[in-house]
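J.: Read off the chains here:
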Amino acid sequence: MKTLLLLSLSKGATIAISIVLGVIILIAIAAIVYFVLKRRGVVRCRVKMATAHTLRTKPIIHSNRKSPKNALVDTGIYILLAIISIIWVFPFVYLIFSSLRGESHGIVEYMIPKQFTLDNYVWLFSGTSSQYPFLRWYLNTLLVSLVVSVINTMITLLTAYALSRMRFNGRKSLMKFMLILGMFPGFLGMICIYYLLGPDALGLIGNGAPFPIAGLMLVYISGTMMGYYVSKGFFDTISRSLDEAAMIDGASRAKIFFSIILPLSKPIIIQTLLGAFTGPWGDYMMANYILRGDVNSKTVAIGMNSMIDTFQNRQENFTRFCAGGVVVSILPLVMFFFMQRYYVAGVTGGSVKG
Amino acid sequence: MRKISSLEYLSMSKATRAWYKFCSFFANLPVAIGRWFRNLPKLFGRLFGKIGAWFENVFDAFRFGNWKTRLSALIWGFGCFAYRQIGRGILYLGYEIIFVLFMVFFGAQYLGKLGTLGTVETHEDPTTGFMIVGENSFSILLYSMLTIIVLIFTVVMLFKSIKDAYSNQLGYSIAQRAATMKDDVGQLLNHKFHLTILAFPSLTLAVFTIVPLLFMILVAFTNYNSLHLPPRRLFSWVGFDNFSAVLAGNAKGLSGAQDAGRWSYTFWHILGWTLEWAVLATVTNLFIGMIVALLINKKSIKLKKFWRVCLVTVVAVPQFISFLLVKQMLLDNGIINTMLVKIGLEPVQWLTKSTSLARLVIVLVNIWVGVPFTVLTCTGILMNIPEDLYEAAKIDGANPIKMFSKITLPYMMFILGPSLINTFVGNINNFNIIFLLTGGSSGNVNSQMQATAGDVDLLITWLYKLTVNDSQYDVASVLGILIFIVVAFFSLIVYSRIGSVKNEEDFQ
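Residue numbers (this note's numbering), protein chains in the order written: chain A, 1 to 354; chain B, 1 to 508.
Derived from the structure by calculation, the hints contain no laboratory data. Please read all numbers here as calculations on a predicted model, not as lab measurements. Where a beta carbon is used, it is the ideal one built from N, C-alpha and C, also for glycine. Some hints here could point you the wrong way.
Dumping the calculated DSSO-like pairs for lysine-lysine here, alpha-carbon to alpha-carbon at most 27 Å [unchecked claim]:
1) B:K182 x A:K69
2) B:K50 x A:K172
3) A:K172 x B:K304
4) A:K266 x B:K304
5) B:K402 x A:K266
6) B:K21 x B:K402
7) B:K302 x A:K266
8) B:K394 x A:K69
9) B:K160 x A:K172
10) B:K50 x A:K176
11) B:K299 x B:K160
12) A:K69 x B:K14
13) A:K266 x B:K163
14) B:K299 x B:K327
15) A:K69 x B:K402
Covered stretches of chain A (chain B as the covering partner; in silico rule of three or more C-beta atoms under 8 Å from a C-beta of chain B) [as the list claims (entries may be wrong)]:
16) 69 to 80
17) 119 to 125
18) 207 to 218
19) 309 to 322
Produce the complete structure using the sequences and hints provided.
T.: Here it is in structure tokens:
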């Protein structure tokens, strides 16, 4: 929090701190990469051992028999997938090219820039513009997303566990109640939430509040419980005989959750974590309403929208917006690529047989 | 619709059967809805029966309990102190003291004014010329809601205190000891683990979701709009005026009274487009996503990781960047039109030419953004299907198509089912794509509509505009409630048809 306040001191300090932070983030990413790679090696060994008796290497459906008809079908699929990939990736290629364009800041009629430059990125982080303090926005968003993703994942998984595994009075009613509650548009209560968080009640946001993004975090955390469906669906597919075995051995419910269910649920943990991270990371509606006014406490979504909201701004800032877009996308991209394998890791397949 | 025999049904081809099921679903819809309403009294009867049983329990405890039990209705936790449950007793007593203080210094004053929502407006004192701060309808309504919720919770706690004391009394007469604090804490990690888990989320849910929602539901019955803004002015109860204005066009209480009928025209118009959009967006994403996922996960396809990476890019890049970027690409002088001109075609005004073209483009952009999510989810599910199912099917001689329709598809729908209705609701409330891509309007003004709404606005973006730009909170609340009714209607239909809600214990 103090470092955040320091950033508004002077240009020199801002640059110094951004360099330090940049180095720290780089080191952190390097460390994460190192550990992930190291883990991978270990995990791979285990998987190999496991497959020996769970028959994982056996193909599920025997459609890869070598016959000309199948080869033709596969070629068609490859062509289709190639077209799909091109359509899906094209806008981001355009984004990256635009962010590297040096000759004009506006929208131009060609894609590949005539002059490559990194000026747009430098401009974002140098803090030269008091109207667009991008670094502040970025750090705000990072803080909100990290805190919210951790807390929300815990809440979601625990709620899903309670509703999937435990049978208590009012369980069905609670599920129905949350279902009904979730049918109201979340923005409906916003005026009221604004008042509750505002200067007349809690004083977290509004005029002169020191740390309005804390209010935003609360808003993101408040409704999480209702998003238990997917995790509950996942827990429902984990065999209950595991629980029963552990209970016979004298494990408590808490112990079962933390030492049996959680280790089996990596895919859903990762999925929930990513969802809870990317939600606040890209949210516009709530953030725009809660963080009105102060330019320094904005998140990237509202800040970057203000960079290109009018024709005038667009002509001045489009390439900078693109650079910002690339910077904002890097973290989620890195997270997705490293955690992607959890999506495809079958967990329950071999844990209990027959 | 003609009822057919099972023999006739079996003799139909697959496609006819599907069509028959589809038709009979809609033909039976009125009957099903009627049945649902007929069952409503039974539902309420059961609910009240439960509440009644609960009261009866407490009454029994009071009647058969000794003096210690009875006293604990007045001094909470007395029944705990008497049986040496000090920790629990302190919690009860502490809650009682806090509750009394809360009611005396805070709750009572607001609760008393709930009927009128305040009578003293902020005004200038005629003799001294000072401004006198009047009552604030907003805080009266809000804090009354809060107090009512605290009251309900207190009644629950009171009953629990009595029942606790009674069970202590019973338990003590048998075992000569009551549960200690240590037992209680141990229970919170074992058989009552759900209480530990759900306490904090429920609290935030109550304060920041339930209270605001109840508040806004009540606002729909007041005239809280730009003409009656607290703290300067008071607002008051108006009954169903707002609903009749939005649904039927009797705009008597609203600030825009001169254009009666516009509100309702705008509402029905936007509702139509919202439903059209939600169905289109959900169906296209589900089917295209499922097909792409099956293609990528087909055993003989190589480079699985590469294809997935291409799609994951879209998931990983924040949506607001995608939408703002695509908006720039679709501009009149944007990159897509430039490319069209280069290959010799006419440029198209994608988002501003006409309402229907703008809508089509929105659906297409949504496919671009939404399909990768479905693909990722489906991939996760496909990888999670227990392989012994396939092994068993293979031994029984099933072909791949049979295995797909009997194992893969049911399994996918089992997990996707609940999230499907979530997606549908999410699409009805899909703010980002409409607002960031078009701002709610394609620039083609529909003169019959309220000026606050654009032609591609969804209900949620209209609600947003009414709240943020126009301070029409009363109509916004009505809209919110109507959105809820729409969503609830579709959810009920779907939930009564999806197995995963009914048969929770399947796939174990």
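J.: Decide, hint by hint, whether the structure agrees.
T.: Here's how the hints hold up against the structure:
no.	hint	in the structure
1	B:K182 x A:K69	violated, 70 Å
2	B:K50 x A:K172	holds, 14 Å
3	A:K172 x B:K304	violated, 40 Å
4	A:K266 x B:K304	holds, 21 Å
5	B:K402 x A:K266	violated, 31 Å
6	B:K21 x B:K402	holds, 20 Å
7	B:K302 x A:K266	holds, 25 Å
8	B:K394 x A:K69	holds, 22 Å
9	B:K160 x A:K172	holds, 21 Å
10	B:K50 x A:K176	holds, 16 Å
11	B:K299 x B:K160	violated, 59 Å
12	A:K69 x B:K14	holds, 25 Å
13	A:K266 x B:K163	violated, 42 Å
14	B:K299 x B:K327	violated, 38 Å
15	A:K69 x B:K402	holds, 19 Å
16	69 to 80	holds (count 5)
17	119 to 125	violated (count 0)
18	207 to 218	violated (count 1)
19	309 to 322	holds (count 4)
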